[in-house]
Amino acid sequence: MVMNGNPTYWTPVFRQQSPDQQYQYPEVQPQAFQTSSSQMTRLIKDADRLTTAITDSESHARAIMGAAQRNDHETVVSLLGQSLESSVCSVKYTPTELEVQLNAKEEGERGRLTLQYIWE
7 MVMNGNPTYW TPVFRQQSPD QQYQYPEVQP QAFQTSSSQM TRLIKDADRL TTAITDSESH
67 ARAIMGAAQR NDHETVVSLL GQSLESSVCS VKYTPTELEV QLNAKEEGER GRLTLQYIWE
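Numbering (my numbering), first residue to last: 7 to 126.
Some hints here could point you the wrong way.
[Stated by the list, open to error] Below, in silico cross-link-like pairs of lysine to aspartate or glutamate (EDC-like), each with a Cα-Cα straight-line distance of 20 Å or less:
| # | residue 1 | residue 2 |
| --- | --- | --- |
| 1 | Lys111 | Asp62 |
| 2 | Lys51 | Glu105 |
| 3 | Lys51 | Glu33 |
| 4 | Lys51 | Glu113 |
| 5 | Lys111 | Glu91 |
| 6 | Lys51 | Glu126 |
| 7 | Lys111 | Asp54 |
| 8 | Lys98 | Glu126 |
| 9 | Lys98 | Glu80 |
| 10 | Lys98 | Asp78 |
| 11 | Lys51 | Glu80 |
| 12 | Lys51 | Asp78 |
| 13 | Lys98 | Glu33 |
Calculated directly from the structure, the hints in this document are not laboratory data.
It should be emphasised that the depicted structure is a prediction, and the values quoted were computed from it without experimental measurement.
From just these sequences and the hints, can you work out the full model?
So this is what it looks like as structure tokens:
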């Protein structure tokens, strides 16, 4: 590269840090992470119940798909909600797939789980 008629070269600068100059990260506090993990277990159990209900019942699967294809959002959410005990769901769908996001029912709980069901 040439600047003002003079060649310019890039030279990396490496700085040695002594042990007392290194950045000190704050001590980790795993309690919130562990709480979130515990709450995720409940979401996973609901996801299992929901998936099992769809897998085991052709009429249930047909009803959900039909409601989604008719864009009957309330029916889709109601049918999915029948399998949920400790979570609520929000739903997005297209003619070829259904995306279900599970969130804990209780205020202040952390974590969410997203499921994608593809039928075409």
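Subject >> Earlier hints that do not hold, by number >> reply: 1, 3, 6, 11, 12 and 13
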